[in-house]
Amino acid sequence: MNGLADDSYKFGAGRFVMRRGLLEEIGGELRYYGESPYFVGGPTALALARPRLQAGLAKAGMEGVFGVHAGQVCHEAARQKAQEARESRCDMVVAVGGGRAMDFGKLVAGELGTRVLCLPTSISTCAAYTPFSLLYTPDGRAIPGNYCYPLENAAILVDLDIMAAQPARYVIAGALDAMAKWLEIRNGSPALNKGSRPLAQMAGYWLAQFTFEGLRGQIDSALADLAAGRASQALEEMIFLNIPLTGIVSALSRGVGQSALAHELYYQLRTLFPRETMGALHGAIVGLGLLPQLYYNGEAAQVEPFRAFLRAMGAPTCLSETGFPFSPAHYAQLYQKLESSNHVGRDAAAKRRFAEAMAQIAR
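Under this note's numbering, read the sequence shown as residues 1218 to 1580, first letter to last.
FYI, nobody ran anything at the bench for these hints, they're computed from the structure.
There may be inaccurate statements among the hints.
[What the hints assert, rightly or not] Quick list of the computed label-pair ranges, beta carbon to beta carbon:
(1) Ala1385 to Ala1417: 32 to 38 Å
(2) Arg1569 to Phe1283: 51 to 57 Å
(3) Ala1420 to Pro1522: 23 to 29 Å
(4) Phe1427 to Phe1283: 17 to 23 Å
(5) Ser1406 to Leu1489: 27 to 33 Å
(6) Asn1410 to Ala1441: 36 to 42 Å
(7) Glu1430 to Ala1576: 25 to 31 Å
(8) Ala1408 to Ala1277: 47 to 53 Å
[To be verified] Under the rule of at most 20 Å between Cα atoms (straight-line distance), these lysine to aspartate or glutamate pairs were calculated in the EDC-like manner:
(9) Lys1276 to Asp1442
(10) Lys1276 to Glu1301
(11) Lys1554 to Glu1493
(12) Lys1568 to Glu1556
All C-beta atoms in this analysis are idealised placements derived from N, C-alpha and C, irrespective of residue type, glycine included.
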């Protein structure tokens, strides 16, 4: 599988299953795709899920192989894990964990030539639903472009008991990452008018607005339920908004035109300053990027209310809060990369508006 993008619409998943006690019934879901699963994820997620997964496999008379990966989403590591799965005669990959594990699982499946199933343990990104992976060097530096899995993900399996135990900061990061779509799709404009984009992109824009408003409206209730360990309706709705609906927004855009300045800020920080910003979650950095995004879109009046929302969520409100080593030289380096991206207009007015937008987080 060459990992190159094509012109097809991939709507994310053949099956989306969400309920309590799902891990104990995992065998029935896996048997749609094969008999020998290769589970891959980080040490924390696998330690949490493995006992229940093994119980579910035993109940179905199945066995699985577990591969722990604590490193980056990179081809070098994926080839090693794929070889391990191949030697064990595994016929599917099951990614277990957060966004990084989802992306890595897709990469392993691509190397192995099998289907991938995603078992997210958090909603920190919509990576469980999107059929592509963000790529990094082994030392954590972002690589331009994505690995594109050639098929839709076979299934997304959401165990609500696992989800109700995730740290609050993952829910916050996931919400911010998903909320970004609505603001980034209209990059440089406060709104899109009907017919201003192709039909599929307009559908993605309208769905992104619904998702933005739903996440903003549910997050306080979901966080309160999470703190109490409740697998509540509010949490279920947050999961549904964040994973399948946001994934469909991406699919309607075929991965193009649904990210702009906010995501570009993430990519550049992870490229230029990967070690310093490693402690900030993907969605937290993207959320910070929504401050300049709002300003660049012509919505300056919304910047401070959104900053207050970020502050209330405990998310970064300026560059230095991501770990970025703020100095005039470092800021100039970051600024130049962002300004030269295709998300900033080439005319003087656009460049001036971008400078003012970046000033919103320049400390």
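Here's how the hints hold up against the structure:
Look at Ala1385 against Ala1417: about 34 Å separates their beta carbons, and that is inside 32 to 38 Å. One distance hint, 51 to 57 Å for the beta-carbon pair Arg1569 and Phe1283, holds here, with the actual separation near 54 Å. Checked against the hint of 23 to 29 Å, the C-beta distance between Ala1420 and Pro1522 comes to roughly 28 Å, which is consistent with it. Evaluation of the 17 to 23 Å hint for Phe1427 and Phe1283 yields a failure: the beta carbon distance comes to about 38 Å.
At roughly 28 Å, the beta-carbon separation of Ser1406 and Leu1489 lies within the given 27 to 33 Å, and the hint holds. Between Asn1410 and Ala1441 the beta carbons are some 38 Å apart, a value that agrees with the proposed interval 36 to 42 Å. Judged by the Cβ atoms, the range 25 to 31 Å given for Glu1430 and Ala1576 holds: they are separated by roughly 28 Å. A hinted range of 47 to 53 Å holds for the C-beta pair Ala1408 and Ala1277, which are about 51 Å apart.
Between Lys1276 and Asp1442 the alpha-carbon distance is near 31 Å, which puts this suggested pair outside the 20 Å criterion. For a cut-off of 20 Å, the pair hint linking Lys1276 to Glu1301 is broken: about 25 Å separates their Cα positions. A threshold of 20 Å between alpha carbons decides the hint, and for Lys1554 with Glu1493 the separation of about 18 Å falls inside it, so the pair holds. Only pairs whose Cα atoms come within 20 Å are accepted, and Lys1568 paired with Glu1556 is accepted, the gap being roughly 7 Å.
When the structure is compared with the earlier hints, violations turn up for hints 4, 9, 10 and for no others.
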